[in-house]
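There are 2 protein chains.
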Amino acid sequence: MLHGVIMAGGAGTRFWPMSRERRPKQLLALVTGRTLLEEAVARLEGLIPYGRIHVLTNGMYAGEIRNRLPEIPSNQVVAEPCGRDTAACIGLASAMIARLDPDGVLAVLPADHVIEPRASFQGALAAAARAISQQPGSLLTFGIPPSRPATGYGYIERGPEIGQAEGRAFFRVDSFREKPDAQTAARFLEQGNFLWNAGIFVFRARTLLSSLERHLPELADRLPLILESLDRTGAIPEPLYAALPKVSIDYGVLEREREVLVIQADFEWDDVGSFAALERVLPGDAAGNRALGRVLALDAAGNVAIAGADHQLALIGVKDLVVVHTADATLVCRKQDAERVKELVERLRSEQLDELL
Amino acid sequence: MLHGVIMAGGAGTRFWPMSRERRPKQLLALVTGRTLLEEAVARLEGLIPYGRIHVLTNGMYAGEIRNRLPEIPSNQVVAEPCGRDTAACIGLASAMIARLDPDGVLAVLPADHVIEPRASFQGALAAAARAISQQPGSLLTFGIPPSRPATGYGYIERGPEIGQAEGRAFFRVDSFREKPDAQTAARFLEQGNFLWNAGIFVFRARTLLSSLERHLPELADRLPLILESLDRTGAIPEPLYAALPKVSIDYGVLEREREVLVIQADFEWDDVGSFAALERVLPGDAAGNRALGRVLALDAAGNVAIAGADHQLALIGVKDLVVVHTADATLVCRKQDAERVKELVERLRSEQLDELL
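So the protein lines, in turn, are chains A and B.
For the first sequence, my numbering gives the first residue as 3, with consecutive numbering after it.
For the second sequence, my numbering gives the first residue as 3, with consecutive numbering after it.
I should point out that these hints are in silico values taken from the structure, not numbers from a laboratory.
All figures in this text were calculated on a predicted structure; none of them were measured in a lab.
Any given hint could turn out to be false.
Copies of one chain are not kept apart here, so a pair can be met inside one copy or by any two copies together.
Said to hold, decoys possible - Simulated crosslink set (DSBU-like; lysine-lysine; CA at most 35 Å straight-line):
hint : residue 1 : residue 2
1    : K181      : K321
2    : K248      : K337
3    : K321      : K337
If we strip away everything but chain A, and leave its shape as in the complex, we get (with noise of 0.2 Å):
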């Protein structure tokens, strides 16, 4: 059966002043009404059903993430009590599906990125499942055939056609890239064989654990004893998970693995890595302004303005900006400057303004 594991555990500090250490990015409701962790789980509607679906996260949005998900059994809600990266989350995930599930199979799914229409995601899915399926020893992820040069994803490089699945081809990786360089990344681009890294993956739970029995021993190792504390007193003692290799899945395992597969999406995604990035993803004026809330532009182009319901946003001139109001604090900056967001963080923390952090 498919089982939905959506990671959940991402701190992120490029979305202040709405984002805060205890309000993450996938808390936020950036696009829509609803949050982007409750769009991740409402993307799977009909398709994998709620006790079947897994949320892994730290344990500081742990209960916030239960209110907001009722639906969840709360013992799927699981606390990292600290971060150990993707290997050993996907690793804890994949232990607690075996034993439900022996021949369980996982789909991986970032909380925080913006997926669209749901049911080309529901066919992708079902796809890679039905491929899991015929190749069941593989390990599946998604490749999103990418619409610009862009450096700030990994790349898979798609090699030759290894079969289909609900009338979709899939492919064997021939490699997974770090990210490039803009020279690389508008060679990719051009070659067209070059696809994004979506964090998308799609699994036997067996087929991962022996991937890590190979790959991070370690790490597969500590796995049983982990799942019998977390049996035994409802939570996973900080050194034990504390001890765990920090590793990526994609690093520690994928890359090092021979048999990869990926399924070219044909679905819209964005990771909405800034604020910069919602002039992708929300809807705009004539102007090419991209407002959330209550926003009044006044001979004002390109920028993204976010306001909530109960503040008025006013711009005269300006392009190309990003204005975010929240009750505590309002960001003025330019979009090309929406990483740097980061760094003002850094500052709000070394002025120990720790009300804002």
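Start from chain A and add chain B according to the hints.
Relative to chain A, chain B alone:
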């Protein structure tokens, strides 16, 4: 004796979102922790006692002004039932003061300008009062030596020196000039004998009333009836006041008088016409950002930013913007568009966002 007459009736939409229909510019703390009106009153401290200060204002603001200035006898905060420009306002003040003090001299002062330092200002007012005691039949204005070819002010053409008072020369006014075009303003600046008309006047109440009888008899004739109504009912009947001619003191009286004097100001003066003007009167950081309240700037330069004490404003990379946060609205505009805030207020009105007006 010298009486202070502070004109505090202006509406002013150029400081939205700080200014609102019920909170005009003179009631904003734009530069210091005190409102401009409170600063205007404080500026007279030691020269004119509270008991000889009148504040003329719009009925909508009179309550708040009495609260803010409890030292001023409340019947000396005079509520105009409607705005009839400065000739009516100053005529009314002159009539009131002439009754109290037949030889009284008025210093007529706008409530919403920034003037520094206080000592120079008081010295200049004292010299003006002395000049009027020498030339009791004259009206006297203050001229500000221009520091730039401003097109937004009226100009005074300074004529020959008439005399000295307390070590300061006073001059005859050769002509009053309306707001000039850019070329004319540049010529005025170059010629050196043109001064900005700051709207600060000194004259005997009786002299002004005689002038009104000559130049605006339909105004002068109605003042006794208005005073009588005010005495009897505590308020000015709207129909009486609305019947007064609506004309400025400059156009209606000063420009028609032969004997007008001018003293050159040796104080710093700014009428703070828009948020952009705040860069001339607020202290700045090394990058030329002028801030009031909690503002953090990261590679931002030349901005005017107002946040208040309980809200953090964060700027990254932006230049030459005006950013103003208030509880229910935030403005982001280019400094060069600061005057267009008026248009924005019209937009709010046309979109019936009355709670923001």
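These are the hints, each one checked on the structure:
no. : hint        : result
1   : K181 / K321 : both (30 Å within a copy, 32 Å between copies)
2   : K248 / K337 : within (33 Å within a copy, 49 Å between copies)
3   : K321 / K337 : both (9 Å within a copy, 13 Å between copies)
This entry satisfies every hint, going by the numbered hints stated previously.
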